Structures are given as C-alpha cells and as structure tokens.
Amino acid sequence: MLSTKFTKLSKEEVDRKWWEIGDFFRRNSLWMLMYCTGCCAIELPPAMTSAYDMERLGMGPMATPRQADVLLVTGYLSLKTLRRLIYTYEQMSEPKYVVGIGSCTINGGIYHDSHAVINQLNRYVPVDVYVAGCMPNTEAVMNGFVDLMGLIKTKKANGWKDYHARNEWYMANQKAALGEVKVHDEFHE
Amino acid sequence: MITNILFGVGVAFFGFVLQTSIAGVNRKVVGRVQKRYGPKWYQEFLDIFKLLSKRSVTHGWIFDFGVIMALGGIIGTAMFMPITSDLVAFADFDNFFIFVYLIAVGMLGMAMSASGSGNPLASIGVMRALTTMLAYEVPFMIVVLTIIKLTGTSSVTGIAEFQQLASNNWFMIALPLGGIVGVMSLMGMIGKKPFETYIAPAEIASGPMVEYGGKQLGMLFIMHEITVFIEVSLFVHLFLGGAENVVLFIVKYFLVYTTLNIISSVYGRFKIDQVVLFFYKWPILMAISQAFVAIYLGWVI
Amino acid sequence: MTNSMSNVKMVSEIIENSYKVLKKEVISQYQVSFEVNKDDVHSILTLLKTSGWIQLSYLSAIDWPEENEFELVYIVFNWDKAVHIQIRTRLNRENPVMNSILPIFPGCKYYERETHEFFGIKFPGNPGHEKQLILEEWDDIPPLRKDFDPRAYSDRKFVKREYSNDFVNLNGEKSKQIAREERKEKIIKVRKGGRK
Amino acid sequence: MASIELIIVFTALAGVLSYFVGRLNKVAGSVVTILASMFVFVSVAYFGYNNELIHSTEFLPYVTFSVTYLGLFFAILVTFIFAMVSFFNPFFVEKYKYPALYSMLYLLSLAGVLGVFFTNNFMSLFFFFEFVVWTSLFLIPMGRSKRAASSYYAFSTVGSFALLFAIFIMREASGTFNIVSSMASVNGTEAAIVSALLAVAAFAKLGAFPLNVWLPRVLGNSPDAISAVFSGGLEKLGAFVAVLALVKLAPFGYVVDATGLAASQYVIAALGALTIVFGTLMAIRQDDAKKLLAYSSMSNGGYILVALTIASSASVSGGLYHVVAHALASTAAFLAIGAVSRITGTTKMSELGGMIHKMPVTYLVYLIAIISMAGIPPMGGFISKWLIFQAVIDKGMILVAVAVFFGSIGSFLYVFRPLAALFLGQELPQHREVSKEAPFFMLVPMVILSGLIIYTGVLPNFFLGFINNVLTEVGVTPLVIGSYTVTGTNGVLQPALIASVFGVGVLIAFIIFIVLKKSRKVGLMDTYTAGNFIYTEELMHYSLDFYAPLERLYEKYINITKDFYKRLENKVVDLGRLMKYYFFTNKPEIMVLWIIIIMGIILWGDIL
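Protein chains in written order, with the working numbering: chain Y, 1 to 189; chain D, 1 to 301; chain W, 1 to 196; chain U, 1 to 608.
Isolated chain Y, as found in the complex (with noise of 0.2 Å):
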C-alpha cells in the first residue's frame, strides 16, 4: 500500500512537499536585517525587547543580509538609500522576504512630493508586506510579521519569484528612477 503510494509521487510532488518542510523551518525561523532608513525604526526596539518578544516568534536580528530572511525596510527612502537597498538585496540569499513599514514606502508618505524620496517601493524591489502608518504602532509591526509568516504558509509570500519572473520590469523602474544603479563613489575607490 505504502510502496504504491510512494511511486505515485512525480518529483514535483516530492519537491513540493519538501518546499513544504521548508516553509515550515523558514517561517518559525525569520531572521532579519532591518535596513533602518526613517523614524519607523524607532518601532523595533520595543519590538525586539521584553516589551513584545520578537523572539518567541522565532525572528532575530542579523548581521549581513547573506544571513538574513526578510529585510526590513523602515522609512522613507531617499534615491540614494535605494541604491544601496537594491544592491543589499540582491545579496540576500533566497527565499528572501521584504517588508515595508510605514506610509512612506506605501505612497511617498510626507514626502511623496520630495525630488529625492522614491513613492512606491514595490516597483524597485518585490514587497511581500506592508504595515501602513506614520509611523506603525508596534502592535501593528508585529502583526504584520505574523501576517507574512501566513502568507508563507499559503505560499503567498513569493515576492522574490517575482523579481525574477519580472526581471525586466523592475529594472526597467529601477533604471528611470535612478539611472544607474550601482555607482562610483570617490570615497570607496
């Protein structure tokens, strides 16, 4: 009984269900790397703390984004940041997850009239999840991190698929807003 059921599993079936062990690992396990551009920052500490515990969710700050999972974007994000966010993201490595936190990386927020700050951040990098506000309160923080760990158990949270299946796009948003990306900057040469 159990050999003829093993045989019918095709190695899609098998990969699924292994991706399903993964997801299971990878949303008890979020570690992030909180690139802390604005005020909404300010939201994290009592996040982290005795206040709220982040940890017995599993999530912990990291490092490096070569460690991390899910980068937090927290604030409003000049042209410059952009650059570097872009890059820091395409380190991570994969599955990687991005959430935006509060209004400014939704619609610009206060400066969504600024020459400098971008107005929507999920046309440069795929965002799995938003936390509105100005800033957030950190019930809302942390109820968006339980929000992505759902949408990674309904296999929602496949925003760095879609960077790669719209490649092109994001470039192409990436290279209007900026020009160039990756540029040279005289005090690391």
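Because the hints were derived from the structure by calculation, they are not lab data. Warning: the hint list may mix true and false statements.
Subject to a maximum C-alpha distance of 30 Å in a straight line, what follows is the list of computed DSS-like cross-link-like pairs (lysine-lysine) [claimed, not checked]:
| # | chain 1 | residue 1 | chain 2 | residue 2 |
| --- | --- | --- | --- | --- |
| 1 | W | Lys81 | W | Lys38 |
| 2 | D | Lys28 | Y | Lys153 |
| 3 | D | Lys192 | D | Lys271 |
| 4 | Y | Lys11 | U | Lys518 |
| 5 | U | Lys348 | U | Lys556 |
| 6 | U | Lys521 | Y | Lys175 |
| 7 | W | Lys23 | W | Lys81 |
| 8 | W | Lys157 | W | Lys131 |
| 9 | W | Lys157 | Y | Lys175 |
| 10 | U | Lys518 | Y | Lys156 |
Quick caveat, the model's predicted, so the values are computed rather than measured.
Got chain Y sorted already, so can you dock chains D, W and U onto it with the hints?
The following block gives chains D, W and U in isolation, referenced to the frame of chain Y:
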C-alpha cells in the same frame, strides 16, 4: 573497527542533539533573565534546518572546502569524546591533546573559508578568534597539565575515573584555583559574552560568519553546536568527575552550560586586547600557582 | 552679556572700518550678519580668520529669483568669543561664479561642492567642485533653486500609487473628515444656544 | 655497497663540474645540482638504510669516517631536503649574479654537510663545519642583503670557536680526536664545560635565543631556495650538535628532587622556552612571509632544544621527530612561498592576495605544511609536539610548559597569516594577469614533501622505529611503539585512527554538503560592504598589520636582543679603536715593545 566508528558518529550526533536542545532551553533562560518570554526550546533546530533549506552563495571552492573541513574536523573530534566511562567510541585513545588539537582543524577550516570569502571583516573576525584562542588556551593547558601530572594519564576517561574513586575529590574542588581558571577559559572557548569579541555583530558584522548564508552557515551552526558539546563535556570530564551514567552526564552538562550562560548574560563585551591582558594576568597566575602548589608541594584537597 | 554685546560691537567696528557693508543685521547677541560686496569676501574672511574666527561652520546659498540673484552665506565661528558671523554676498543668478575660499578655509571643499550641486554656483579654485557629492546621477536643474518644481519632478520621475476607488469604510463608519465637520457644526450650534 | 668518501668526493667533484657546465649554460649547471643531489640522497638513503655504507677507502689522511645511526638519520634527512630544493634551482638561477658559482657552492655545502654527519673525528668535524659555513656564506648574498651574510658569519664564528674549545678540552682529557672515545673520557667539571660549549655551538647553529639574530636575517634575505635549505637542512646541524651536547653528555648542576632534572637542563630548557616565545612573538608581527617563516624556524628550534635537554625517551624521540617534521614542513612552506615570489617578485604579505585562484596546488602544499607546523593532526608536527608535551608534563616543568603551549597556539596565529593574506582574500589586480601555477618540476618536490608530511602524521612508526635506533645508540631508552600506536609517558596515540576518524568526519560533512541545494557562484567583490559600492580590491583585503591589537601589547619590548647586540657591536668597535690607539700606533718601537711584553706573558711558564 566499523562498529567503533559508527558508535563515534552516534556520539557526535548525540552531542549535536543534546547541545542544540540545551542551547534552545538556554535561549529561554536568557530570555527570562531579560524579562522576556523567550523562543521555543527547539528554536535552534528550526534555525539550523531553515538555513540548510535555503539557497546560498559561494565565493569559490575554498569557501566550500573550508566549511566541509571545519564540520568534518569537529565531527571527527566529537567521535573521540567519551560520554560516560563505558560509553566511549575508542577506549584508551581519547587523549586530551586530540581534543585540543583536532578541534583546531575545524577552526582552521572555518578560518580558511572565512578568509577565502574575500571580506575584510571576516579576516578581522578570524584574527580576533585566533588572538582570543592564544589568550584562553595557555591557562587552561596549564591547569590540565596539573591534572595530567596528578592522575598520570592524559586519557579523558582515565581522568574522569580517577575522580570517581572514593578517595579523590572532583578537580573542581581539589584544585579550586584551577577550577576557576577552567571556568573562565571555558567561557572564552565557547565564545560567551565577555569574550565574544570575535563575533561582535554590531561591530564587525558577526566576524568570520559575515559572508555565510544558507547551507554553509547551517553547517557552521552545526559545527558550533558540536564544538560547544566537545568543550563543555571536556570540562565535565576534567573538572566535575565525568559521569557514571548518561542521565548524570546530561544533568552536569546542563548545569555547566546554563551557569555559563547566566554569567554571560549580565556581561558586556571586552575589547580584544583586554581579553588577552585579562587572561595573561589573573588566570595564568592562578593556573601557575595552582600547578606549583599541586605538583611541587603536593597540596591537593 | 555685556561681553558678548561688546564682541558684536567690536566685530562691527573691525569690518565696518575697513570695508563697505551693504547691510548689517544683529540677529542676536551671539550672531551678527554683514552683507558685503562680492570682491570683499575673501579679504574679510582672511581678516576674520586672523582675528580668531578660525572655523568655517557653514557655507550655503539662498535663491532670490525675483531679484535674479543668489545670496551666498558664510558662517564663521570663534572658539574664544561667542559670536557667529555671517558674511553674505549677492551673485548674479544668470552666471553664478564665486572664487573658492579653499586657501583660507580648506574645510570649505565639501560645502562648496554641495552648494554647487544644489544651486549650480561655480567655485573656480576648488578643484573637483563639479563632482557629484550627495545627488548621485542627477539629471535636472539644481534642486534647491526656486524655479525647480519638486512636485513636478516627483510626478514625472516616481510613479504615484493609484487608488482605483475611494477609501471604502468597512465598518460603515463615517469618514473622519465628515465626522469632524459634523462635530464642529454641533459645537457651534451648542455655542449659539441651539440657534442656527 | 657504497663508500662515504666516494660519495663526498663525488659530490664535491659534481660541484666543480656544475661550475664549469654552468659557465656554458646557467640552467644546465643547475640541472647538474639536481642530478647530483638526487644521486647523493638515493645512495645515502638506500645504502644507509640497508647498512651497506662503508668507509674503507682512505682518500685523505686523518679524515676518517664512521656510520652511526645518529649521523645517518640527519644525513638522510638533510640530503633529502637538498635534493628536493635542488629542483627549484633551474627556475631561480636566472636571477643570480653568479649562477655557476651558486651551483657549485650548493653541492659543496652538501658535501660538507655529509662530512659533518659521517665523520668520527672531531678535528674533521670542525673542518667540515667550517666548510659548510664558508660555502653557505657565499650563497646568502645572492639574495637581497649582504648584511645577513655578515651576521651569519659572526654568529657562526661564535659557535665554531665554542666547538673548537670543546674539542681542545676533550683532546686534553682523552688524547684523541675520536668523537666517541673523547666524549666518553670527559667527566666532572670538564664534562660540564664541554657540554656548555657544545650547547653554545648548537645554539648558534639553531639560531636559538640569545644567539638568534642571524637566523631571521639569513632566512628572510637569502635566495628563496637557499632559505628552504637553511631552514630544513643547515639549521639542523645545530640539532645534531645539540644531541651530542645535551643527550650524550650527562647534565650537571644541582638536581631537583621532585622532577629529577639537573640545573643545566633547567637553564637550557629556559633558553629554549625563551626562544619559543621570542620566535613566536616576532613571527606574529612580520610582514614579510619569509621572515615570518624564519622566526617560526627559530621558535621550532626552541622546541627541539627543550625536547633534547629533558633527555627522556619520549622527549628525545619527540625532539628528533620534530627535526623531521619541521624540516619537511618548513621546506615545503619556504618552497611554496618561493614559488609565489618567483611570479610576483615579492614576499611581502601586504602586497599580495588571492594567489589561491591561480596557484591552487601551491596553496594546498602550504596548507599541509602549516597544519604540520601548527602541530595539528593528522600531520607530522602533531606527533612530535604530542611527544614533547608528554615529556614536559611528565617532568612538571610548568614555566617551560607555558612557553611550549604558548608557542604551539601562537604558531597557529602566525602560520595562518600568510594563508589569509597571501593566498586567500581578494585577488589583487596587479598580480591577476601574471600569476599562474608553478611549473611541473617545481610542483614535484612540493607535492612529495606534502605527501611525506601526511605520511609522517598518519604512520609515524617507520620513522619512530628508525629514531629508536638512534635513541639506543645515544643511550636513551627507546620509545614503545606498536604497529600503529605510539605510547608516551601518560597516554597512547594512534595517529592512523585519528586520520581515519577525521576522514570519516569530512566524509559526513561532504555528504551533508552535497545533498543540499547547490550554491550560486558569486565573485569575490560581491561581498558584504554595508551596502556600499566598492570596486577597489585593496580596500577589501585585510593583510597589513594583521594582529595589530595583539602586537600593540608587546611592540615596546621587541628590540631587546637586537639592542643588546647593537650595543655589543659598538663596544667591540670601541675596543678595536682602543687597541688601535695603544698597539698599532705609527711608532714601531711601541709596537715592538708590546709584542715583547705579550710574548713574555705567553711564554712565562714554559721557557722563562
């Protein structure tokens, strides 16, 4: 021979499971110290398996080869580790120096791989790790010299059995100064707080691990857990009289590791030169005076 | 206090005796501003530096499009006497050129680059002042000029988020704005004693 | 059957031949050195191992030979090092000013070394000793520095005179120059003085503290091949003399009851310990990879001294095994660095980086060599260090143990540095185009050496069996060795087991690695930079002042010995001036007066 090797692999696996669980429990303990709820006790397993499931990057063959060498060296070392006096894979060959020097293969592999990533922060982290090693190893070795001189054997089981004799105390009690030095060196070995200079996430971006992600980082985590297993159980065998049965071993192991964790959770981080100066001031003086007192004067409690 | 007031006086004397001051303004007891001719700026700054104002705190510009002029502001700071001095001068907006003060205050290197980047003022004598500093790959007129429209630039460059339909209130509550207006009306009504 | 005299004369003649061939064609002359030194090694090793070396032919009067296990042990090792290094000669000969002379001196010093190890006559030992000094002396300045040669000569002279005095004292006591009988005849104070003088000679040759100044200079500045020969071969003459001085002659002075060691042993061990610590600390702060290895040679010389002076079975066999392990490892390391410097033209670690991508085999050779040098299993250095630790612990020498452990961990620090800075890290653009793997004939000796390093670490019993013969000969109880095990004073070691367990561990790790998802390959410059765009390799390569925080702690104290010798030099110069002022004045009558006075003093007892 084959059964011995399989048994040794079993010991390494046991060490991994034991240390990973206890490390998870200890994350909870530290959480409670900081008035937090803390993660699940099996959180460390989740972290490791998640890392193994990710798609990582590599910087060339040396980057991968170093990781394999690191994990392989540590698994090899753990295979020699006795659990109780009877549960030992290669009886009579569990020489103390094997543990000290075969662990170094793992360290070398990791250092090599980290430097091979081409990141300067990794090299700085390796530099700090090696400097810390220079600091804690010498006082520890002097204390172990005293122990080996007193017991007349450098076999770890032999030392543990010597302490289990009715006429002898544990070396933690018999050599009180040496025991304190042992605890301090152990904290350096497993990289706990005052001496975790080489990790320093906010300062050098987690040092040697800066470029790792995915399976390489997962393998290094496994390596780290087994390394801690080797070092803490070495302490249990050398200073706390080993264990007559597995349960006692786990209890002693848990107590040692938790104590170290609680101590470390209230400390800040030393600078690297402070680490060296610290170990070459009091611990080494204590170790040398303990050795003189025990070997030349014969004063052992 | 008297000391600082006398400082301001002393500074005024130093500058007004030797140079033509177009406009003087004592902003506070610790700050004083002089507007001078463009050609006098270098000698005044040299004088101030030798008199103890050794630090260039800031250097920037103000755009006056109606008068077709840029106003350059140099702020120098003295570590012994508590007086900031602002030296202001006007430049033609069509062709804004100001000789660099790099020989006097080497620290002006990056201020001048920034000013060039945001206003388009050229500083001959400061090598490399035209290199990009803060705005990477900028493709429009300098952004702090008054005739630059940041909103238009933003609209052109960054795609706005489009909300297909208006805000849907899921709970059937009134929108905050309507509620606020109603509350206001109610208060007015109450104030007038219930009369309309 | 082979005659020692024939081999030595053959080597010398081959040296002369290589000179003339070298005048015609540089490379051909150096090929002669390869053939000759390979022939010498094979004949010494083969006939020596089968006890077929004879010494009947008397070519030279008064120069007599005998075959001892001690001499044979060192001879096989050193000729092997010479043979291996000679493969490098054709590739480096272009760089020298006098290539033909180089080839000749190379073979002549080999002949001298053979003479030292096989002679049974102290006078000819001294003669060969000087012969080696003089031939090798002229090899050194073919590299970078002439000053290195002069300091080598100065310190060698100290050693030679100490040796000469010891020989005279023994001659006085025994009436013969024969090594065995004259060493057996001294006793009491004479034995103490002879032992001390021979120890001085050994110290000078090994470059041990305080006679250490020449070693880093010579090894750091000689041609690359000669550094390897010095470190692996010629330095080991000191170990040979040290065996004579420390093991064959009884220690003297007050005997400590608790450990059974005499005062002289404590003094030598303390000096050895200082050598270890000093060498380690200096090696940590070098920027030149060759200088770093030079100080590491010095530090390892300290291990050999500590081991030989304890004179127990574990320690002497550990010391002799360390001679083998260090000779192999250090030669391999020097050759690997030499292969790099041949391409890049520099050995400064701050100017190199990422050589692994073009020279993987050289890298592996260096890696195996440093694992052995750091005393990590499964390489040869572990066995010797383990034996030395056993001896030190057994004797309870606490302060020496501090130095020994410090040196052991410290060696890990300094040998890692060239690995990280020179081979790993970013690939610097200035070497990216030119660098390629070393040619086949340069890889051959390196790979053979690496294989032997692993062999000595996995199956040490063959070499330890041979060393046991030496131990019996010099009067020490042989070490207990099984077919795979080594038994020390307080433990048993099975190196083959360690190696196989390590292999099992690596296999498991490899399986874990291979079943998981394949990694994506990225370039070295695509690395964590906190988001900054960096395109300059030098900025991402950490190689200068690698251990800066550690160095800062002791950099004030490093020049103590150098300053001492500087002051001594000044004093000698002053003395010379004083002599010149009083003796060699312009007035001949004063000179004559002095000569008469001195003659009077010298001849006082005999004639007047």
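Against the structure, the hints come out as follows:
{"no.": "1", "hint": "W:Lys81 - W:Lys38", "in the structure": "26 Å, holds"}
{"no.": "2", "hint": "D:Lys28 - Y:Lys153", "in the structure": "25 Å, holds"}
{"no.": "3", "hint": "D:Lys192 - D:Lys271", "in the structure": "13 Å, holds"}
{"no.": "4", "hint": "Y:Lys11 - U:Lys518", "in the structure": "18 Å, holds"}
{"no.": "5", "hint": "U:Lys348 - U:Lys556", "in the structure": "23 Å, holds"}
{"no.": "6", "hint": "U:Lys521 - Y:Lys175", "in the structure": "25 Å, holds"}
{"no.": "7", "hint": "W:Lys23 - W:Lys81", "in the structure": "23 Å, holds"}
{"no.": "8", "hint": "W:Lys157 - W:Lys131", "in the structure": "23 Å, holds"}
{"no.": "9", "hint": "W:Lys157 - Y:Lys175", "in the structure": "11 Å, holds"}
{"no.": "10", "hint": "U:Lys518 - Y:Lys156", "in the structure": "24 Å, holds"}
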